[in-house]
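Novice: Listed below, chain by chain, are the residues.
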Amino acid sequence: MSRVVRFEGLWCVFEHRSGQLVNALQDVTFDVQSGEFVCVVGRSGHGKTTLLRVLAGLQPPTAGQARLGDQVVEGPGADRAMVFQQDTVFPWLHVRENVEFGLRAMNVSDKEREKTTDRWLEAVGLTDFADSWPRELSGGMRKRVALASAMAVGSDVILMDEPFGSLDYFTRRNLHEVLLDLWKETKKTIFFVTHDIEEALILADRVILLAEGRLVDDIPVRLPRPRDEDVRASAPSVEITKTILAHLGITEEEATKV
Amino acid sequence: MSSILFWAGWLVWFFATAYALTYGADVFGRWRFENGLLYLNWSFFISWTILFWAYPLGLRFRRSAARLQRIGRGVAETPRRLVKAVKTNPLFFITWIVLLVGWQLVSTIAPRGTLEHPLVPGFEYIFFNLEGGIHRLAGNWDLTGGVNLPSVLLQFEELAAFPSKEGGESRTWTAVWLALGFHSFMTLSRLVVGLALGLVAGFVTGLAIPYWSALRQISWAPFNFLRMIPLLAAIPWMQFALGADLRATTIFIGFGVWVMLVVATMNAVSNVPDRYIESARTLGASRLYTYLKVIVPGAMPELRTALLLAGGLGWSLTIAAEFLGFSTGLGFMAAAAVQETNTARLVVVAIVVAFYSLLTFYLLNKMFNGMVSWMPQRSTGTDISKVAGAAGAARGAEARFQE
Numbered sequence: 000m001s002r003v004v005r006f007e008g009l010w011c012v013f014e015h016r017s018g019q020l021v022n023a024l025q026d027v028t029f030d031v032q033s034g035e036f037v038c039v040v041g042r043s044g045h046g047k048t049t050l051l052r053v054l055a056g057l058q059p060p061t062a063g064q065a066r067l068g069d070q071v072v073e074g075p076g077a078d079r080a081m082v083f084q085q086d087t088v089f090p091w092l093h094v095r096e097n098v099e100f101g102l103r104a105m106n107v108s109d110k111e112r113e114k115t116t117d118r119w120l121e122a123v124g125l126t127d128f129a130d131s132w133p134r135e136l137s138g139g140m141r142k143r144v145a146l147a148s149a150m151a152v153g154s155d156v157i158l159m160d161e162p163f164g165s166l167d168y169f170t171r172r173n174l175h176e177v178l179l180d181l182w183k184e185t186k187k188t189i190f191f192v193t194h195d196i197e198e199a200l201i202l203a204d205r206v207i208l209l210a211e212g213r214l215v216d217d218i219p220v221r222l223p224r225p226r227d228e229d230v231r232a233s234a235p236s237v238e239i240t241k242t243i244l245a246h247l248g249i250t251e252e253e254a255t256k257v
Numbered sequence: 000m001s002s003i004l005f006w007a008g009w010l011v012w013f014f015a016t017a018y019a020l021t022y023g024a025d026v027f028g029r030w031r032f033e034n035g036l037l038y039l040n041w042s043f044f045i046s047w048t049i050l051f052w053a054y055p056l057g058l059r060f061r062r063s064a065a066r067l068q069r070i071g072r073g074v075a076e077t078p079r080r081l082v083k084a085v086k087t088n089p090l091f092f093i094t095w096i097v098l099l100v101g102w103q104l105v106s107t108i109a110p111r112g113t114l115e116h117p118l119v120p121g122f123e124y125i126f127f128n129l130e131g132g133i134h135r136l137a138g139n140w141d142l143t144g145g146v147n148l149p150s151v152l153l154q155f156e157e158l159a160a161f162p163s164k165e166g167g168e169s170r171t172w173t174a175v176w177l178a179l180g181f182h183s184f185m186t187l188s189r190l191v192v193g194l195a196l197g198l199v200a201g202f203v204t205g206l207a208i209p210y211w212s213a214l215r216q217i218s219w220a221p222f223n224f225l226r227m228i229p230l231l232a233a234i235p236w237m238q239f240a241l242g243a244d245l246r247a248t249t250i251f252i253g254f255g256v257w258v259m260l261v262v263a264t265m266n267a268v269s270n271v272p273d274r275y276i277e278s279a280r281t282l283g284a285s286r287l288y289t290y291l292k293v294i295v296p297g298a299m300p301e302l303r304t305a306l307l308l309a310g311g312l313g314w315s316l317t318i319a320a321e322f323l324g325f326s327t328g329l330g331f332m333a334a335a336a337v338q339e340t341n342t343a344r345l346v347v348v349a350i351v352v353a354f355y356s357l358l359t360f361y362l363l364n365k366m367f368n369g370m371v372s373w374m375p376q377r378s379t380g381t382d383i384s385k386v387a388g389a390a391g392a393a394r395g396a397e398a399r400f401q402e
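Top to bottom, those sequences are chains A and B. The opening residue of the first sequence carries number 0 in numbering that gives the first Met the number 0; numbering runs sequentially from there. The opening residue of the second sequence carries number 0 in numbering that gives the first Met the number 0; numbering runs sequentially from there.
Do not rely on the hints blindly, as some may be mistaken.
Stated by the list, open to error - If you anchor each label on the Cβ, the simulated ranges turn out as follows:
1. A:D109 <-> B:A75: 43 to 51 Å
2. B:M370 <-> A:R2: 44 to 52 Å
3. B:N266 <-> A:A129: 54 to 62 Å
4. B:L308 <-> A:E228: 56 to 64 Å
5. A:V21 <-> B:S212: 42 to 50 Å
As the list claims (entries may be wrong) - Which residues of chain B face chain A? A partial, calculated answer using Cβ under 8 Å:
6. R274
7. Y275
8. E277
9. R280
10. T281
11. L282
12. G283
13. A284
14. S285
15. Y288
16. V293
17. P296
Said to hold, decoys possible - For lysine to aspartate or glutamate, the following DMTMM-like pairs were computed, each having C-alpha atoms within a straight-line distance of at most 20 Å:
18. B:K292 <-> B:D273
19. B:K292 <-> A:D130
20. B:K292 <-> A:E96
Hints were generated in silico from the structure; no laboratory data involved. Computed from a prediction, not measured in an experiment: that's the story for all the values here. We treat Cβ as the ideally placed atom computed from N, Cα and C, and that holds for glycine.
Turn these sequences into a full structure, and let the hints steer you where they fit.
Specialist: See the structure below:
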């Protein structure tokens with residue numbers, strides 16, 4: 000395994016309208032290995048999304064740097080396709096055109112573009128909806144389109160910012176399976192932001208914990224896959240959950256009270 | 000590709016047939032070009048029109064026939080649709096009936112006033128009074144006296160010889176229709192050319208400026224300032240500076256529409272959700288590609304209002320310009336009526352203009368819907384019954400609360 004992503008002494012400071020300075024990220028340093036499934040977990044407003052946006056090149060850091068391979072990240076690019084929390088499927092393009100958006104932008108030849116698009120449409124189970132308008136799809140299906148669009152550009156690293164946050168429980172579980180299948184098949188590095196500990200335990204090889212913009216723990220998740228209910232109810236899994244809750248300043252009693 | 004060939008071919012055909020007709024027998028028509036005016040006679044116009052439509056019928060017979068059939072079916076269905084419309088939306092029709100009947104009632108009650116014609120002319124006065132109403136419009140059909148019409152590009156020779164009066168005094172219906180047709184043509188040609196120019200220029204400029212942030216910052220203030228200038232007050236200045244011909248009005252209308260659309264389009268562009276732009280960028284799209292493929296289509300939905308407002312602005316500018324300084328067009332007809340304090344004629348012109356504006360709105364809206372077929376389709380009207388229902392429920396709840 001080789002290192003694909005490195006954060007080095009990353010600081011991100013925002014100025015509030017009141018003039019108050021907010022440290023969204025404070026001296027964050029860690030590496031991500033090739034093919035890893037990393038979940039960044041933390042409370043909302045504690046820097047998870049900022050970290051992801053710095054790596055995506057959508058947010059310049061105040062100090063420090065994010066590196067992709069040997070390259071310092073300086074702007075967005077197709078080598079780190081991203082799936083957003085909000086609905087980003089372009090409503091003016093058909094499903095197929097959405098999936099091939101990145102390929103068209105990069106001037107991929109017609110033949111290859113068609114082949115790649117077909118492959119990813121099939122992978123997310125939307126072959127039959129290739130010629131539909133996004134407005135004709137459900138929220139879960141639109142997320143599949145976004146996933147296929149990100150996968151189709153062929154980057155080794157996929158960034159995901161609470162992508163399934165707005166979906167119902169069943170759709171979310173279903174998409175977890177789709178995502179894990181794709182991950183197993185492609186060996187891509189996935190960098191996944193979530194506030195949902197259960198989701199992190201289902202998906203991740205490794206959990207990065209952020210609190211108030213600081214990296215407070217880096218927990219390897221060595222649980223057997225598939226992470227069904229039994230696995231997640233096992234002692235090691237519960238131990239990880241407890242560790243995470245403790246780090247986030249929530250004891251078990253508190254968590255159940257809230 | 001074949002479609003481009005088809006349309007280009009039609010354009011070539013349009014001029015080629017005109018050329019061929021001039022060398023054909025006189026039966027098919029004559030034309031000549033003198034002092035910047037194109038003189039056509041009726042047979043030329045008719046032969047040309049037939050040849051013009053023969054092109055699509057010949058090359059795309061099946062499609063043209065299907066379209067004709069669709070139009071025919073639409074016409075045949077009109078009565079049934081009308082009945083259905085009356086049933087589903089009776090208030091719409093009742094409003095119209097009340098307005099029309101009300102006008103007629105007011106015309107009998109209202110004092111006649113000190114003008115030559117009644118202040119509120121009734122419909123019998125407008126349509127059947129030979130001295131007062133619509134028949135006086137025949138006076139606007141006066142091309143026989145060799146009127147100097149520098150803005151008329153096209154004249155129908157045989158028509159020009161048509162008398163506006165018969166037997167000295169009475170006004171003919173034919174001349175009324177010719178007058179309406181001719182002046183409508185003049186107004187519409189000014190409007191269409193000016194509007195098309197303004198729309199294209201406005202969209203292009205409004206979409207181009209925000210691409211360069213420096214340009215956006217520089218142009219924001221001047222454009223908002225320009226927008227505040229009362230264009231109607233600038234009409235006399237426009238006529239001093241540009242003259243009073245087709246070119247001048249086109250520039251004037253185009254300018255007004257352009258300024259309004261640039262501001263509206265820039266607004267629409269800045270309202271495209273960031274998430275679409277960021278998503279495109281992380282999928283590897285360059286800045287230019289993102290602009291063309293994401294920001295431009297993303298700005299479209301907001302341009303509907305701008306487009307409809309531009310149509311309205313185009314109309315008011317055209318009519319006002321004609322009212323103040325032209326000897327042709329519907330605005331001129333209105334001005335002529337005002338000069339004679341002929342209220343009945345004014346009413347007729349107002350109805351005609353209202354009809355054309357509605358048609359413009361309809362066409363612009365239809366064109367726009369074609370452009371944004373991807374948008375969630377809304378039903379045409381706000382469903383007022385839902386709102387009323389909600390309000391009723393709220394009132395009910397309030398009443399219960401007070402009990």
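Novice: For every hint, state whether the structure bears it out.
Specialist: Each hint, compared with the structure:
1. A:D109 <-> B:A75: 43 to 51 Å: Since the Cβ atoms of D109 (chain A) and A75 (chain B) sit about 46 Å apart, the hinted range of 43 to 51 Å holds.
2. B:M370 <-> A:R2: 44 to 52 Å: 49 Å, holds
3. B:N266 <-> A:A129: 54 to 62 Å: Distance hint for N266 (chain B), A129 (chain A) is violated at roughly 35 Å.
4. B:L308 <-> A:E228: 56 to 64 Å: Taking Cβ atoms as reference, L308 (chain B) and E228 (chain A) lie about 59 Å apart, which means the hint holds.
5. A:V21 <-> B:S212: 42 to 50 Å: 26 Å, violated
6. R274: 5 Å, holds
7. Y275: 6 Å, holds
8. E277: 5 Å, holds
9. R280: Interface hint status for R280 (chain B): holds (4 Å vs cutoff 8 Å).
10. T281: It holds, given that the least Cβ distance between T281 (chain B) and chain A is near 4 Å, below 8 Å.
11. L282: 4 Å, holds
12. G283: Constraint on G283 (chain B) satisfied, holds at 3 Å.
13. A284: 4 Å, holds
14. S285: Where the cut-off is 8 Å and the nearest Cβ of chain A is about 7 Å from S285 (chain B), the hint holds.
15. Y288: 5 Å, holds
16. V293: 7 Å, holds
17. P296: With a minimum Cβ separation of about 4 Å from chain A (threshold 8 Å), the hint on P296 (chain B) holds.
18. B:K292 <-> B:D273: Given pair K292 (chain B), D273 (chain B) holds - Cα atoms ~14 Å apart, limit 20 Å.
19. B:K292 <-> A:D130: Judged against 20 Å, a Cα distance of about 18 Å means the pair holds.
20. B:K292 <-> A:E96: 11 Å, holds
Against the hints set out earlier in the document, violations occur for numbers 3, 5.
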